[in-house]
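Asker: Here are the chains, one letter per residue:
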Amino acid sequence: MFKKALLALPVAMALGGLAAGGAAQASEWQDPTDVLQKLLDNNPDSKYLHQSEQNIMMMPDNPALWVAEDGEQLFYEERGPNNASLESCDFGKGPGVLEGAYVELPRYFEDTGKVMDFEHRLVHCMKEIQGFDADDPEVAQRHGNDTDVMQLTTYIAMQSSGMEWQPANEHPKEQAMLAAGEKLFFRRGGAMDFNCASCHGESGKRVRASRLPKMRDSQEWTKAVSWPAHRAGHDNVRSQGHRIRGCAWQMRHAGIKPDSMANTALIAFWNEAARGEPAVLPDLKR
Amino acid sequence: MFKKNTVAAGVAAFATIALATGCAVAEGNKSDEVDITAMSAEELAEYIIFESDSFRLEQEAQEGGTARDRMVQDDLQKACSFEGEPDGETAGEVVAMARAEYEAPEGDIELGDWEKGQELAFSGYGYRIGHNNDDHGTREPGGNCVNCHVFDPEGPTQGTIGPSLEGYGATRGDSQEMREYVHQVISNPHQFFPCAQMPRFQGLLDEEQISHIMAYMLDPDSPVNN
Numbered sequence: 252m253f254k255k256a257l258l259a260l261p262v263a264m265a266l267g268g269l270a271a272g273g274a275a276q277a278s279e280w281q282d283p284t285d286v287l288q289k290l291l292d293n294n295p296d297s298k299y300l301h302q303s304e305q306n307i308m309m310m311p312d313n314p315a316l317w318v319a320e321d322g323e324q325l326f327y328e329e330r331g332p333n334n335a336s337l338e339s340c341d342f343g344k345g346p347g348v349l350e351g352a353y354v355e356l357p358r359y360f361e362d363t364g365k366v367m368d369f370e371h372r373l374v375h376c377m378k379e380i381q382g383f384d385a386d387d388p389e390v391a392q393r394h395g396n397d398t399d400v401m402q403l404t405t406y407i408a409m410q411s412s413g414m415e416w417q418p419a420n421e422h423p424k425e426q427a428m429l430a431a432g433e434k435l436f437f438r439r440g441g442a443m444d445f446n447c448a449s450c451h452g453e454s455g456k457r458v459r460a461s462r463l464p465k466m467r468d469s470q471e472w473t474k475a476v477s478w479p480a481h482r483a484g485h486d487n488v489r490s491q492g493h494r495i496r497g498c499a500w501q502m503r504h505a506g507i508k509p510d511s512m513a514n515t516a517l518i519a520f521w522n523e524a525a526r527g528e529p530a531v532l533p534d535l536k537r
Numbered sequence: 002m003f004k005k006n007t008v009a010a011g012v013a014a015f016a017t018i019a020l021a022t023g024c025a026v027a028e029g030n031k032s033d034e035v036d037i038t039a040m041s042a043e044e045l046a047e048y049i050i051f052e053s054d055s056f057r058l059e060q061e062a063q064e065g066g067t068a069r070d071r072m073v074q075d076d077l078q079k080a081c082s083f084e085g086e087p088d089g090e091t092a093g094e095v096v097a098m099a100r101a102e103y104e105a106p107e108g109d110i111e112l113g114d115w116e117k118g119q120e121l122a123f124s125g126y127g128y129r130i131g132h133n134n135d136d137h138g139t140r141e142p143g144g145n146c147v148n149c150h151v152f153d154p155e156g157p158t159q160g161t162i163g164p165s166l167e168g169y170g171a172t173r174g175d176s177q178e179m180r181e182y183v184h185q186v187i188s189n190p191h192q193f194f195p196c197a198q199m200p201r202f203q204g205l206l207d208e209e210q211i212s213h214i215m216a217y218m219l220d221p222d223s224p225v226n227n
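Heads up: the sequence lines are chains A and B, in that order. Mapping the first sequence onto this note's numbering, position 180 (from 1) lands on 431, and the numbers just tick up by one. Mapping the second sequence onto this note's numbering, position 169 (from 1) lands on 170, and the numbers just tick up by one.
Misleading hints may appear alongside valid ones.
[As the list claims (entries may be wrong)] Quick list of simulated restraints, FRET-style, between CB atoms: (1) H485/A - E111/B: 39 to 45 angstroms; (2) I307/A - E181/B: 46 to 52 angstroms; (3) H485/A - E64/B: 24 to 30 angstroms.
What the hints contain is simulated information worked out from the structure, not anything from laboratory work. Here a beta-carbon is modelled for each residue, glycine too, at the ideal position from N, C-alpha and C.
Produce the complete structure using the sequences and hints provided.
Answerer: Take a look at the structure:
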């Protein structure tokens with residue numbers, strides 16, 4: 252029964268995606284297990300992708316699937332001071348359109364005049380549509396399986412599994428943020444002189460026991476940026492923002508804030524570096 | 002402000018950090034107040050770091066000053082902020098900067114205690130700030146060496162970003178010249194490897210700590226050499 256529910260979920264979503272049909276998607280929804288299996292098959296020599304046999308074995312039972320189910324309930328539930336669901340939230344492809352939305356972010360939003368990453372946009376909708384205040388735990392707490400933000404993120408991101416990363420880069424502000432994100436990636440600084448490329452410049456390297464993905468290897472990088480992922484070592488689903496915060500901390504830079512321009516610019520560059528590769532959503536990591 | 006607390010106060014401080022973490026989003030995102038398309042990528046990156054409320058710049062840094070000070074690049078960091086390998090001109094400039102920064106110890110260099118050096122090489126503690134701050138008052142900062150270098154394949158898994166140092170002293174000896182060279186590389190590796198990924202440890206670790214790590218590498222009794 253446990254297993255059945257897990258299998259039923261992606262099937263239902265695949266059907267939902269087909270029924271919605273028509274939209275100019277670069278690719279169709281695929282089960283994250285299948286996406287990862289193809290990446291493994293295509294890259295037999297990637298030490299990063301092949302670092303853990305347990306990874307692919309556990310994918311069909313990824314605990315993140317349960318977090319996505321919780322997120323689905325939250326998405327359609329009428330909540331907050333305004334007693335509204337999130338169905339009118341526009342993630343860039345129109346109100347309530349979730350299929351393929353996650354892999355096209357960050358993007359410029361006319362209503363805010365800003366380039367926003369997924370989490371920033373989600374929180375914006377929770378505040379504007381549902382009426383949550385910045386201090387309410389529903390939007391203030393960002394990390395952990397039991398937070399609304401992680402549950403909603405996992406559900407919504409899953410609607411883009413198997414689709415190609417194609418962050419918006421038409422608007423001048425999108426292009427500016429992407430270019431700044433690239434500068435930030437290579438900007439050496441902090442107490443120990445690190446930049447992001449210190450760890451992500453070459454393939455097959457390890458920091459202690461962890462194999463590191465190379466940013467310029469798009470098939471390694473698509474898995475690297477495929478958050479939300481259940482992070483086994485943390486026993487929690489984690490977000491792109493959580494990964495960036497952890498990297499800034501380990502790099503001995505200043506602490507980075509969510510919903511910030513730095514966070515958005517880095518995510519824009521991350522997703523751009525995986526352009527054209529299928530997203531594994533949700534993923535599972537060590 | 003979170004330093005030097007009793008255990009109970011430490012718990013209270015942790016709760017404060019947790020609360021601060023929850024609220025520490027960038028309310029002051031000012032992207033609508035300036036024209037970000039009018040800036041070069043580099044100008045925008047600097048604007049984002051220092052003006053857009055993206056980082057917790059007011060936090061105290063363990064080395065003194067604030068996180069804002071820490072994020073200001075020095076000349077060497079600026080010179081090495083590119084993708085790939087340095088060209089000849091950059092490499093020459095960076096080597097010159099590194100030599101000018103380096104402070105050589107006076108007199109002969111003595112090795113410390115390799116066991117303490119081993120502990121320091123394996124410790125990843127120190128200098129982290131943000132959602133969780135390393136407290137140098139309760140635990141000394143480590144060298145993070147095994148994040149990137151294999152010293153002793155018998156030990157816990159070690160990193161491979163830098164070259165393996167297995168048998169370092171056994172193959173190179175322990176002359177005063179070797180000690181001088183190793184001290185220079187640990188203190189400021191850019192003197193020999195311009196724009197290397199390795200931190201400049203002069204200033205991050207004290208001279209005694211560096212002498213222990215050197216002993217771990219060079220002492221004939223160290224597991225690195227056996």
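Asker: Hints first: check each against the structure and report whether it holds.
Answerer: Status of the hints after comparison with the structure:
At roughly 43 angstroms, the beta carbons of H485/A and E111/B sit within the given window of 39 to 45 angstroms. Restraint check, I307/A to E181/B: a C-beta distance of roughly 50 angstroms satisfies the suggested window 46 to 52 angstroms. Our hint of 24 to 30 angstroms for H485/A and E64/B holds, since their Cβ atoms are close to 29 angstroms apart.
Hint violations for this structure: none, all hints satisfied.
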